[in-house]
Amino acid sequence: MTDFLQLLISGLATGAIYALAAIGFTLLWQTSQTINFAQGEFVMVPAFLALIAMRWFGVPFVASLVLAILASMLLLGVAFRYIIVGPLIRRGVLPLVISTIALSILLKESVKDFYSAEAQTFPTLLPDTLITVAGVSVSLAQLGVLAVALVTIVLLQWFLAGTRTGRQMQATAQNPTVARILGVPVERMILYTFLINAALAAMASLLVSPIYLAKFSNGETLGLIAFVAAIVGGFNQVRGAIAGGLLIGVLDNLAAAYVSTAYRQAIPLILLVLVILFRPQGLLGRKEERAV
Amino acid sequence: MLRKTLAVASIAIGGLWAPAGFAQDIVIPNIIELSGGGATVGAMWKNGSSMAVEEINASGGILGKKIKLEFIDTASDPGKARAAMQRALDDKPVAIFGPIYSGSVSATLKMTADAEVPQVMGGEAGPLTAQGSKYLFRTSFGQNVSMPKIANYLRDGAKAKTVAVVYVNNDFGKGGRDAITKELAARDIKVVADISTEAGQADFAADVIKLKGANADAIFVYLNEEESARFLREAKKQGLNKPLVGETTLLGQKVIDLAGDAANGVKGHVGLTVDAPVPAIQEFGKKYEAKYKSKPDHNGVKGYIAPYMIKAAAEKAGKLDGKAIAAALHGMTITPDKVPGILIEATWDDTGEIDRISFLGEVKDGKQVITETLPKLKK
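Respectively, the protein sequence lines represent chains E and U. So the first sequence is numbered by numbering that gives the first Met the number 0: it starts at 0 and just counts up by one. So the second sequence is numbered by numbering that gives the first Met the number 0: it starts at 0 and just counts up by one.
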C-alpha cells in the first residue's frame, strides 16, 4: 500500500506537468483550430529563457522566472499568434500543423546551438527537503509541482467559467460567428488563449526543469505525451486534458511497477488506441459533429 | 618588367602554397552524437579530439600533413549514423572517428570494414569487437573487459551475494546487462531484480520502488548520463540505502554535476578518468578545463586519444593509408614516453579491444575519488 501511494503521488506530480501542457492543446484547438505540434518545445524553451536571464545577465532567480514567463507570453504567445498562426490558418489546418512541426525543430535546434546541447541543472523554488508520511517519501519540490499545477488549473477553470472574459472566450471557442454577432471581440479572445497557453507552458517548464533537468530535447517526449493526454481526456474539453495528463502520469508509474518496466511506454499508447476505438471524443470530451 | 615578375611570382606562390595548404590536409570525419540523447558525450568527445588535433598540427601533423576534423551529427540515431557514414566513406578518408553510442557503432562497423577504413570509436557494448571487423578500434574498455572487473568488485569489495541490475534499454545497456549477468552467475552471485528503463526516462519512482522491494545486497546501475542523474536523485528521495555500484558513467563528472548530493557514496569501476592518479591525465584535465570551462569525463579522454592513435599507427606504418594504419594498430602498444598524448600505456589486440590499467573509485563530497588502481589484464 505504501508503494502504491508513493507511485500515485509521484505519478500525479508528473501527470500535473503533462496536464499543463495538454491544456494548451485543447485551448488552442477550441479557439483557433490550431494543433500545435511545437507544444513540447513550448514547455522546453521557457526554462532556457530563465537560464539566459540568470547566467548571461545575472538577473536574480525569482525575477528571472517572472521574466521567463513574460518573455514566453510574448514569444510563444503573441509572436506565435501573429507570425505563424494568423497568416497560415487561412490556408487550412494541414499547412498550420506542418508549420508547427517546423517551429518545433527551429526551437529545438536554436536552443541547442545558442545555449547548449547538454542537460542543465535548474534551481528550484522549493528545497529538496523530504517529507515522510506513513512510509511515503515525497520531496517538497514534488509536492510544490503538484500544488502549483493544481492551483493553476483551478484558477484557469474559475477564469473560464466565472469571469466575463472567460465566458467570452468560451463563446468564441463554441461558435466564433455567433460570438462575433453578440459583440464578443473574437480576435482579442483568441489572442488571450495564446497568451494563457504560453503562460501555462512556461509554468510547466519552470516546474519540471529542476526535477528532470533542462535540455533542448525535453520537448520531444513531453509534447507527445501531452498530445496523447489531450486525446485520451478529450481534445475539446479543458477538464479532459487535465484528467488525461494525470491519468497518464499515474498509469505510467503503475504500469512500470506492476506490469513491466520494459513495456511502460506502450501502456499510454495502448490506452490511446482503446480510447480512439471505443470513445473517440475522449474520456471527458463531448461529441462534435461538423457540417460538411 | 617588374609587373611581369610580380605576376609570375604571385602565380608561383599561389600555385605552390594555396592548394598545398588545403589539398594536403588529412580530413578525418568525426561521426558523433552532437544532438539527441547522446549530446553530452558527443560534446566531450568533440572537444577532446579537437584539442588533440590542435596539438598534433602545432607539432607538425602526421607524417608532415595537417589534420582537419569534420564533425557530423548522428542525432544519437543509428539510422542517421549509417547515412552519415556512407557519405563520409565516399570521400575515402584515412580514418573515421566515432560514433560513441554502441547502437550507432553496430550499425556502421560493417561499412568501415568493407571500405577498409580504420574506425576509432567510443562504443562499449561487448559484441562490437566480436563481429570480426579488422578495422574497428576501441578507445575504452568493452563490457567484456569492464564487467568482469565490476563483478569482482561486487564479490570482493561490496561482498554482495545478491545484486539488482538496473539498465537502460538500448544497445549499450542491454550489452552491459547481459555481460554482468553472465559474470555474476560465474561468481555465484544471484540477480534478484532485473529492471529495464527507457532512454530519456524522466520519472524513476517505480524503478526505485522495485529495487527497494528486491532488497539486494548491492545495486548495479548501468544507465546513460542524464538518466543516471535522475535515477540517483530519485534513489536519494526514496531513501534507497543499498550500495549503488556503477561502471565509469555513474561516477562520471557530468553525472555528479547533474545529480548533486545524490551522487555521494556511489562506487564502482572507472575505465578512464581525469581524476586518476596519473600525472599526464590530470594535466590533460587541467588543459581541457582551461579551454572549455568544464571538467572532462571519460568521453573527453576517449576523443583526445583517438587522433594520437592514428598518429602513432601511421608513423609506425610509414604511410597514410587506412589499411596500413589498421594493420599497424593490431597488437600495437603505445606508451606515453613515445606518444605523450596517449596519456596511459595502451595495447590493442587483433580484434581492436583495448587493454590498459583501470581504477576503482567512489564519489565523495561531489568529487570522484580513486581508491585503487587495477593492472592491465595482459602484461
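By construction, these hints were calculated from the structure, which means they are not laboratory data. Do not take every clue at face value.
[Stated by the list, open to error] A short, non-exhaustive set of chain U residues, derived as facing chain E with CB atoms under 8 angstroms:
no., residue
1, Ala-42
2, Arg-186
3, Ala-205
4, Glu-344
[What the hints assert, rightly or not] Covered stretches of chain U (in silico footprint by chain E; criterion: 3 or more residues with CB under 8 angstroms from a CB of chain E, positions within the stretch not fixed):
no., region
5, 52-61
6, 189-199
7, 224-230
8, 233-240
9, 253-265
A quick note: this is a predicted structure, and the numbers were derived from the prediction, not measured. Heads up, the beta-carbon is just placed ideally off N, CA and C, and yes, glycines get one too.
Inset, instruction - Taking the numbered hints from earlier one at a time, note which ones the structure violates and give those numbers from smallest to largest. - result: 2, 4 and 5
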